[in-house]
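> Spelled out, the chains give:
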Amino acid sequence: MKPVMVAVALAVMAAAPWIVTDPFFVHLMIIVLMWTVLGAAWNILGGFAGQVSFGHSAFLGAGAYTTMILYLTLGISPWYGIVLGGLVAALIALPIGLICFRLRGPYFALSTLAVAEIIRLVALNWESLTAGPVGLLITTLPAVSLGGRAIDWESKTPFYYIIAVIALGALGMTSLLARSRLGAYLLAIREDIDSAEAIGINTVQARVSALALSAFLAGVGGGFYAMYLRYVDPDAVFCIPLSVEMVFIPVVGGLTTVVGPFIGAVFLVSLAETFRSHFQVGHLIFYGAFMMVAIRYMPEGIWGRLLLMFESRRG
Amino acid sequence: MALKGDLPPIKCAMETFVQSVVSGVLTGSLYAMIGVGLTIVFGVMRIINMAHGDMVMLGMYGAFWAHVAWKMDPFLSIILWVPAGFVGGLIIYRFLLRKIVPAGELNTLLYTAGLSLFVANVALLVWTGDYRTIKLPYAIMPLRPLGIAVPIPLAIAFGMAILVTCGLYWFLVHTDTGRAIRATSQEPEAAALMGISVGRISMITFGLGTALACGAGVLLAPSLYLYPTVGEILVAKCFVIVVLGGLGSVPGAIAGGLLLGLAESLGAVYVSVPYKDAIGFVMFLLVLLFRPAGLFGEGKS
Chain A
1 MKPVMVAVAL
11 AVMAAAPWIV
21 TDPFFVHLMI
31 IVLMWTVLGA
41 AWNILGGFAG
51 QVSFGHSAFL
61 GAGAYTTMIL
71 YLTLGISPWY
81 GIVLGGLVAA
91 LIALPIGLIC
101 FRLRGPYFAL
111 STLAVAEIIR
121 LVALNWESLT
131 AGPVGLLITT
141 LPAVSLGGRA
151 IDWESKTPFY
161 YIIAVIALGA
171 LGMTSLLARS
181 RLGAYLLAIR
191 EDIDSAEAIG
201 INTVQARVSA
211 LALSAFLAGV
221 GGGFYAMYLR
231 YVDPDAVFCI
241 PLSVEMVFIP
251 VVGGLTTVVG
261 PFIGAVFLVS
271 LAETFRSHFQ
281 VGHLIFYGAF
291 MMVAIRYMPE
301 GIWGRLLLMF
311 ESRRG
Chain B
1001 MALKGDLPPI
1011 KCAMETFVQS
1021 VVSGVLTGSL
1031 YAMIGVGLTI
1041 VFGVMRIINM
1051 AHGDMVMLGM
1061 YGAFWAHVAW
1071 KMDPFLSIIL
1081 WVPAGFVGGL
1091 IIYRFLLRKI
1101 VPAGELNTLL
1111 YTAGLSLFVA
1121 NVALLVWTGD
1131 YRTIKLPYAI
1141 MPLRPLGIAV
1151 PIPLAIAFGM
1161 AILVTCGLYW
1171 FLVHTDTGRA
1181 IRATSQEPEA
1191 AALMGISVGR
1201 ISMITFGLGT
1211 ALACGAGVLL
1221 APSLYLYPTV
1231 GEILVAKCFV
1241 IVVLGGLGSV
1251 PGAIAGGLLL
1261 GLAESLGAVY
1271 VSVPYKDAIG
1281 FVMFLLVLLF
1291 RPAGLFGEGK
1301 S
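Taken in order, these protein sequences are the chains called A and B. At position 54 of the first sequence the residue is numbered 54 (our numbering), and the sequence of numbers has no breaks. The number in our numbering is simply the position in the second sequence, starting from 1, with 1000 added.
Next up, chain A with everything else stripped away, as it sits in the complex (with noise of 0.2 angstroms):
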């Protein structure tokens, strides 16, 4: 993208909030760009290497979970806490990657469902660590004070600025993974892994760093969850449709590119959280429909086809 198109858009992010005061739509920018967070992070490894991941719930809820335990037990701040919970998710991945890379497409697929499924048991019955089905809630965020004022926690314009900081974090993240040469390797082991393996790519160990880099993104998007939200339980953060909602965004939204997952979150999840407001529940309608549509008619994504129809209109 050009250096004014990304000049502009910063421009808006920063003002937004002056813009737009209604809480509702505070609240649905920060909704948007958590999301953005964390289609972008499976993004990575289910767009650039394209290893369809039905588990992500589990760095999600590894990250919001120690976020939130680093807090309530050892009083760390939530500022290092959300950077800690993407590591340890990071660090859950690793041998979620050795034993499930050992399978290859729908296999990788359904394998980590069965991983998240028993993260989520273990969760809901260590008890000690995690308080279990009661789940964990903060009342009070630390203090903190920026340039002599206090920051209101009450506000949601903070959380708002901390969520645009994570998300163009991992937009950045992502242009700079597109042009590095672990994305090309990754590009090449989406497309054919036998030949990728075959001139000479490391092909799991590319894969373990994939999975690792969008668990570290799954898990600083969880954490920033944890902190908005005030409250974590097993079955919120560990859930499948957790899981399902993480691939729907950057596939509606244009898979393997870097603003994808920010157009499918922008288009999901004003829908799915204006519907919410009206009718309360079923709200990921939406994203079921518009993944049907996805697949069948673009499967390039919105940002995708916009991209094909630039380029066919220079060409």
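No lab work stands behind these hints: they were computed from the structure. Treat the hints with care, since some could be wrong.
[Stated by the list, open to error] List of simulated lysine to aspartate or glutamate pairs, EDC-like, C-alpha gap at most 20 angstroms: (1) B:Lys1135 with B:Asp1073; (2) B:Lys1099 with B:Glu1015; (3) A:Lys156 with A:Asp235; (4) B:Lys1276 with A:Glu311; (5) B:Lys1099 with A:Glu300; (6) A:Lys156 with A:Asp22; (7) B:Lys1276 with A:Asp235; (8) A:Lys2 with A:Glu311.
Mind docking chain B on chain A? Use the hints.
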């Protein structure tokens, strides 16, 4: 699977063992019925149907509403919902899946995941997320042959599941359509060369798979709590079953279903209650890693 109502406490070790074997086999027969539906669809079309559990859910709600609206016995309503499931399956295949199948296993996996989320959320919208149960007058006291508690609805479901599964087996072995399904499952190209219309067989197979899922849902409805997202956990169990038995293998799915039922009920007694659901997933991973063709080596991977 969390069954409604508690079975009475059991005293001696032998009785405990027999009791858990019995309940394992009873639930296992229903697992087998769901698993067979998933595995024939995979065998013929290479579709890993993530929406299979939601078809079971629809069957459960079908039984519930037939009971509430028409005072129909839930088990009797199977004569309505199995044909309805078959026709529904034909329609889903014809209008939704047919064009997706050639795009490969991963695309159908993602597509059916979308279908699953869509169906479950429409159900949430229409029927809300409330837990519902079917109260049957004859379901209050369990049968007690030889001091072993056998819940009556589960016993009826067991008998009917055996009938349906055997019926399907007979159909696959002895009828022309059944032979064509097995042939397509083994070697689609050779089957096409022999004059089998693979498209038609795929459609029929998907209808059968959906009918089995709906039927199993009807049979499960009196024994389980009903809620729209029940399919999520059922579909996860389904994958365990068909992978244990070998993807695409019908006898494998039957054995896998019984095995999972036994593993869960014995695991709850001898390993731990909270982790009983994890046993299936651990077996699943071990089989995928070390015996990808299934425990009996019949499946394809």
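> Run every hint past the structure and note whether it holds.
Now the hints, each set against the structure:
1. B:Lys1135 with B:Asp1073: Given that 20 angstroms is the threshold and the Cα spacing comes to 10 angstroms, the pair holds.
2. B:Lys1099 with B:Glu1015: With a Cα-Cα distance of about 54 angstroms, the restraint between B:Lys1099 and B:Glu1015 is violated, given a limit of 20 angstroms.
3. A:Lys156 with A:Asp235: The given pair, whose Cα atoms are some 25 angstroms apart, is violated under the 20 angstroms limit.
4. B:Lys1276 with A:Glu311: violated, 54 angstroms
5. B:Lys1099 with A:Glu300: Roughly 17 angstroms between the alpha carbons, so the hint for B:Lys1099 and A:Glu300 holds.
6. A:Lys156 with A:Asp22: Roughly 11 angstroms separates the two Cα atoms, so the pair holds.
7. B:Lys1276 with A:Asp235: holds, 17 angstroms
8. A:Lys2 with A:Glu311: holds, 15 angstroms
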